[in-house]
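Participant: Each chain, letter by letter, is given below.
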Amino acid sequence: MNITMNSSYKLNNNYNNLNNSRQNRQKAQSFTGISSMYDRFCNQVGVHVCRPIFNNQVIGKLGYLLRNSENAIKHFLAVGSAITSGMYVKQTLSNKDMDKDRKKTLAANQTFTFVISTIMAYTLDSKIKNWWKKKHEQYLKLSPEGSAVWDGMTKKNAEIAEKNKSLPKELQRQKWSIDDYIDKFGKNHVMDEEALTKLKMRSKGFGALRSILVFGFIYRFFVPLAVVKPTNWICNWYLENKKKNAAANPAESADKA
Amino acid sequence: MNIQPINYNFTRKKRLSLEYEQAPSSGFKDNNAEVCGQKNNNSGYNVNFSGGLHNKSEAAAKSFMEKLMNNRGFDWLTGFAGEHNVAAASLVGLFLAGGLRPALTISLPGKKDKEDKIYAAGHSMASGLIGFGFSTLITTPLDSGIKYIFKDANKMRQEDFDKLSKEEIADYMRQNNGEAIPIRKLKKGLTIVSDKVDEINALKHQLYSVNDFVERGKIYAKIRNLENIVKGIETSMHNVTEWVIAIPRAALTIALIPPILKYVFHLEKRPKQKEVKQEPVTQNLQNNDAFSQNSQNFVKSSMNDFMGGAK
Numbered sequence: 001m002n003i004t005m006n007s008s009y010k011l012n013n014n015y016n017n018l019n020n021s022r023q024n025r026q027k028a029q030s031f032t033g034i035s036s037m038y039d040r041f042c043n044q045v046g047v048h049v050c051r052p053i054f055n056n057q058v059i060g061k062l063g064y065l066l067r068n069s070e071n072a073i074k075h076f077l078a079v080g081s082a083i084t085s086g087m088y089v090k091q092t093l094s095n096k097d098m099d100k101d102r103k104k105t106l107a108a109n110q111t112f113t114f115v116i117s118t119i120m121a122y123t124l125d126s127k128i129k130n131w132w133k134k135k136h137e138q139y140l141k142l143s144p145e146g147s148a149v150w151d152g153m154t155k156k157n158a159e160i161a162e163k164n165k166s167l168p169k170e171l172q173r174q175k176w177s178i179d180d181y182i183d184k185f186g187k188n189h190v191m192d193e194e195a196l197t198k199l200k201m202r203s204k205g206f207g208a209l210r211s212i213l214v215f216g217f218i219y220r221f222f223v224p225l226a227v228v229k230p231t232n233w234i235c236n237w238y239l240e241n242k243k244k245n246a247a248a249n250p251a252e253s254a255d256k257a
Numbered sequence: 001m002n003i004q005p006i007n008y009n010f011t012r013k014k015r016l017s018l019e020y021e022q023a024p025s026s027g028f029k030d031n032n033a034e035v036c037g038q039k040n041n042n043s044g045y046n047v048n049f050s051g052g053l054h055n056k057s058e059a060a061a062k063s064f065m066e067k068l069m070n071n072r073g074f075d076w077l078t079g080f081a082g083e084h085n086v087a088a089a090s091l092v093g094l095f096l097a098g099g100l101r102p103a104l105t106i107s108l109p110g111k112k113d114k115e116d117k118i119y120a121a122g123h124s125m126a127s128g129l130i131g132f133g134f135s136t137l138i139t140t141p142l143d144s145g146i147k148y149i150f151k152d153a154n155k156m157r158q159e160d161f162d163k164l165s166k167e168e169i170a171d172y173m174r175q176n177n178g179e180a181i182p183i184r185k186l187k188k189g190l191t192i193v194s195d196k197v198d199e200i201n202a203l204k205h206q207l208y209s210v211n212d213f214v215e216r217g218k219i220y221a222k223i224r225n226l227e228n229i230v231k232g233i234e235t236s237m238h239n240v241t242e243w244v245i246a247i248p249r250a251a252l253t254i255a256l257i258p259p260i261l262k263y264v265f266h267l268e269k270r271p272k273q274k275e276v277k278q279e280p281v282t283q284n285l286q287n288n289d290a291f292s293q294n295s296q297n298f299v300k301s302s303m304n305d306f307m308g309g310a311k
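If you read the sequences in order, they're chains V and A.
The working numbering puts the first residue of the first sequence at 1, with every later residue one more than the last.
The working numbering puts the first residue of the second sequence at 1, with every later residue one more than the last.
What the hints contain is simulated information worked out from the structure, not anything from laboratory work.
Be aware that a few hints might be false.
[As the list claims (entries may be wrong)] Below are the BS3-like pairs computed for lysine-lysine, each with C-alpha atoms no more than 27 Å apart in a straight line:
| # | chain 1 | residue 1 | chain 2 | residue 2 |
| --- | --- | --- | --- | --- |
| 1 | V | 184 | A | 204 |
| 2 | A | 114 | V | 187 |
| 3 | A | 155 | V | 229 |
| 4 | V | 155 | A | 218 |
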């Protein structure tokens, strides 16, 4: 039986472990020039731009509302889309070149399309949630660090579930999501700080990618190709019908006008 | 009646083995492509032929996902999505609106003339490119800046550090592999987060003196709740930029589509004067027909062109 130890892998090689602040400092010093200038610029942006903008109670309340949200990005994408759609609806309604009926129909069409696409996106996102979780596990387990972290989380959650059986509801503990677990206990499994940061970002990104892909697919691909045309047909059909009715009963339409 | 000869693996120049001729009622699960034809075996005949190689179909499906996830590019994408949510969303938008949608628009059969389709594709590509460029340029430094002030706000303040006993410091060092306790640098930092962090630290401090199981449980629950709020604030800060830039991005997209179409895609449509005179409003309703308007009214028609969703 041959046993080969992979000494190039940092966890197996103590000399490669960047596990103390001195080594980290030395490593950080090697990144000079443009990258450090950009970092300093970003830090200044954080202090002088981001802090005054984001340090308010609105963000605090948003954070409170989203405290138990599993993948909060989807809500931001939906509201972002609502803002864009709202802007276009407003623009349509204030357009002087269009006649009144057409304006209203088009605005209703835009709103209707937004509502349909948002419902579709939320539904699809929740439908693939479990499948994506399996893929998340599969993805993390491709690396030994990820595998260790995932197994650690499973073990911890099993312990919590076991404890919760004998506890009243108030004292029952929440299970750990993989991102929270990496934040809290990642250090216990991955010694290399750089590897841990990368793992954290990738895990977070994989989770976020689900909503990003689903909402992007619905808003940027499916809806413009598949939903816009049928809603346009409905609008045109409605307007034609209205014109026909107006032509058939000119007296009524004149009264309304 | 048992008709089997059609279920023959031509690719391997070999007759199927007996185990496939007589369908396994139970015992083992076979995922090979050739098993597709076995569903009808109970009825006495089998005419389905999958045509796949033995032991290949499931392996191929698996390897596609594994290949994708093993790819360095995918690693980069997940890392990018984790760090820059808004820019990643616009990158996906670039792929879908800038690549896939135009390709499908051009390839779809339809009564519309070819020129319209090319313009629609160019329009879509331009909007994808501008959306990605603008979002990335604006949000990437903002994300890094947020990360910096957020990291600082998560550290302990000097006054709290001074109150710590030697045992508590030793306890911290033991738990964190001998790392020094990080102290906040910015005095006027992100107070919405640092207030919560101070509260969490105070609660953790309480845990040293409380021994009652129920009380400890309540403190743990409070800590977890506060940590979740901090996490929610972080997500909000990174993603609220999507709302802030939504309107200027849309305006910029609309304003820059004509020059991009002209200079990058070399597309310029001549106005159809007759059609404009006959049905100026109907043209507006068509999602991809903005360019059939008079070029002077282009910006307005592009605004009307939008039909919902984040374009």
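Participant: State for each hint whether it applies.
Facilitator: Status of each hint after checking the structure:
no.: 1; hint: V:184 <-> A:204; in the structure: 14 Å, holds
no.: 2; hint: A:114 <-> V:187; in the structure: 59 Å, violated
no.: 3; hint: A:155 <-> V:229; in the structure: 53 Å, violated
no.: 4; hint: V:155 <-> A:218; in the structure: 23 Å, holds
Hints 2 and 3 from the list above are not met by this structure, while the remaining hints are.
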